[in-house]
Amino acid sequence: MLTIGMPRALVHYDCGDVWVKFFETLGAAVAVSPETAKDIVDIGVSLSVEDACLPVKVYLGHAAYMAKRCDYLFVPRLVSLEQRTYMCPKFLGLPDMVRAALRDSVRLIDPTIDLSKSARAMTQAVVRAASFLSKDPARSLSVWRTCSRAAAVCSTEADGRRKAVDCEEAAGLRIGVLSHPYIIIDRVLSMGLVDRLREMGASAILPESVLQDAVEPHLAELGRHIFWTHEKRIYGAGMAMASDPSISGIIIVQAFGCGPGSMIYDLFTRKCRRRSAVPVLNLSIDEHTGEAGIVTRLEAFVDMLTRAERGCM
Amino acid sequence: MRLTFPHMGTLFIPLKALFTGLGCDVVVPPPTSKRTLEIGVKHCPEFACLPLKISVGNLSEALDLGADTVIMAGGVGPCRFGFYGELQKEILLDMGYDFRMVVIDPPQGRARHILESFKSLFPAVTLSQALHAARLAWSKIVAIDRLESLANRSRALERERGAVSAALGRALEAVDAAETVEGVWQACEDGLAAIDSLVDADKAEYAAGSLVRVAVVGEIYVVLEPFANHCVERKLGELGVIVERPLSISHWLKLNVLLDFLNMSGGFRPGELARPYLGHTVGGHGRETVASAVKYGRQGYDGVIQVAPFTCMPEIVAESVLHRVSKDHGIASMSLVVDEQTGEAGVVTRLEAFVDMIRRRRLAYGAVSQRLTAKNAMCYYD
Ligand code: SF4
Ligand code: SF4
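If you read the protein sequences in the order shown, they are chains A and B. Quick note: the first sequence, position 291, residue 333 per the numbering used here, numbers continuous. Quick note: the second sequence, position 247, residue 581 per the numbering used here, numbers continuous.
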């Protein structure tokens, strides 16, 4: 049986689960790389150009790890998931960066997923990605439809509501955490931020758990369309958090040198400051970031919020 | 209305002609200086790309001089440029300025849209006035490109160090001052002749084709702005290198704005050339960088220098694959990543080392054209 390897990083957190199901249903074995660990980071750093952001370096580390353990490496070129909105340019060049870093040592499955003009582009991507497993496009497509429908039920609106309910019930301080999914879910990249907050008696509210209805008005209010998928969500959710009195503070976790983040977090900070007094902590991470420093800043921030909270009561 | 815009190399010359012709009072920002950069660095986010920082400095300095309207090009992503206008506006507001910001979005291939957006901005202007202003601005763009391109090919051959750059400066001033299209052509021809007269045509090396040839590619702003790239073209030229710079204002307009309805790609197909290394656009000029490296590699150039702002996403992607182009096409490559901390001395050292390496390689293996026939020489580049 053919084994398809998937790097557990970056784009995997956007669409990985569906593709795992899809390839498995078509009869391939799928192996996802383990959670990020120091050796994976080190390999990634050694394979990348110096000024790439840490999430990209970590992706290359995962790709190198999987390359030796699979027949095909799945590296989708995720260009766009919705009209007029794109992923970061580094997603657009991801398969090429992987090929260059691994010197063609593994075959890639790299369908281009570009739904910026029409949602039908997905069909092509699916058929192409499955072409070496199934010669029957109709079957590929029907499998895809089943998988993506199942995934849609658990990921989008329903999941959002469930998360929102979880958040409502969350005890203690509620702190908004603005970051990319591939940073915050990755315990090494985010230095276990969510767990640490929990240990300090606070709960992290992520952009994904803010309901779309709360996000939209803030995006509409902004004169300009934010043309990056994650940043659009982050900005809208951040503004919604800033106007939510139950949120006591907001933490931004960005990769050092992140391009889209540099613009959107700054825009958010400016707009937020003009409208609300919610304290904002800005953390940036790269391969040289010391965990101790981050923890100290985090503790000080939570302490301050706790004291402020008590003071009010 | 007192109009201003950020600098990008010599772009202010045609922009000034255009907006003056449309009846505006134009405030050209003071030339980009250390102070400009300091203002930008102080008020922009740390990880913003260098062009944003410098442009905010430019605009702040121009607003200090009494400008009240900022005009800026827009964009639709995925690179940061499309969001510049929005952020510039917020930053300048927080700095306490009172002004109007006009963002002109790319016309998506339609000339009519440009005309329409301009019309709403300058309602009093007649069509013939507008066309006249556009013709004058365009002639200046073409003149500047021709002058700069000749200067880049001539510095290596000048009899007296710095003479070509000085002549170029004078010619650009004349183009700037010209008020008619005929005047622009005259200034251009005079400038070209002046630069030509400074060249030592008999230089033996020239005849033998033994001069080092290098292409300068990368992100358009830092490629076109000598302040940002520490005068990389001039420095290379004065190291005895023939410099080719495919990016120019006219090239950019042809590729991005006029392409669709005039079909003027000029035979340069970045998608095809870059495909083996980069299979998709990545915003900005990332794919053009890779395609140009291929193109000049095929033409037997010795080297390609990629100039990119620190954190520039498209150029980071390009940089990641450039070593493969270099290996396949036998063209040496170097990435010059610039930010506010980049020092002049460091750039000089790197450029000298790069040119030295090429010269040594030439001595050992011959010119690229000869090397390409001997396939086994390629391992040298790994
Ligand atoms: S969005 Fe930022 S962190 Fe993510 S890949 Fe792009 S530059 Fe890196
Ligand atoms: S091309 Fe690079 S430097 Fe230029 S605006 Fe885009 S991200 Fe910034």
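Just so you know, the hints here were simulated from the structure itself, not pulled from any lab data. This one's a predicted model, so the numbers in the text were calculated from it and none came from an experiment. Treat the hints loosely; a few may be bogus.
Here are the simulated DSBU-like cross-link-like pairs (lysine-lysine), alpha carbons at most 30 Å apart as the crow flies [said to hold, decoys possible]:
(1) K110(A) <-> K63(A)
(2) K177(A) <-> K159(A)
(3) K661(B) <-> K453(B)
(4) K569(B) <-> K453(B)
(5) K569(B) <-> K274(A)
(6) K453(B) <-> K110(A)
(7) K537(B) <-> K588(B)
(8) K661(B) <-> K350(B)
(9) K313(A) <-> K537(B)
(10) K177(A) <-> K63(A)
(11) K159(A) <-> K376(B)
(12) K274(A) <-> K63(A)
Against the structure, the hints come out as follows:
| no. | hint | in the structure |
| --- | --- | --- |
| 1 | K110(A) <-> K63(A) | holds, 22 Å |
| 2 | K177(A) <-> K159(A) | holds, 27 Å |
| 3 | K661(B) <-> K453(B) | violated, 50 Å |
| 4 | K569(B) <-> K453(B) | violated, 43 Å |
| 5 | K569(B) <-> K274(A) | violated, 42 Å |
| 6 | K453(B) <-> K110(A) | violated, 60 Å |
| 7 | K537(B) <-> K588(B) | violated, 36 Å |
| 8 | K661(B) <-> K350(B) | violated, 44 Å |
| 9 | K313(A) <-> K537(B) | violated, 61 Å |
| 10 | K177(A) <-> K63(A) | holds, 18 Å |
| 11 | K159(A) <-> K376(B) | violated, 39 Å |
| 12 | K274(A) <-> K63(A) | holds, 28 Å |
The structure is inconsistent with the numbered hints 3, 4, 5, 6, 7, 8, 9 and 11, although it conforms to all the rest.
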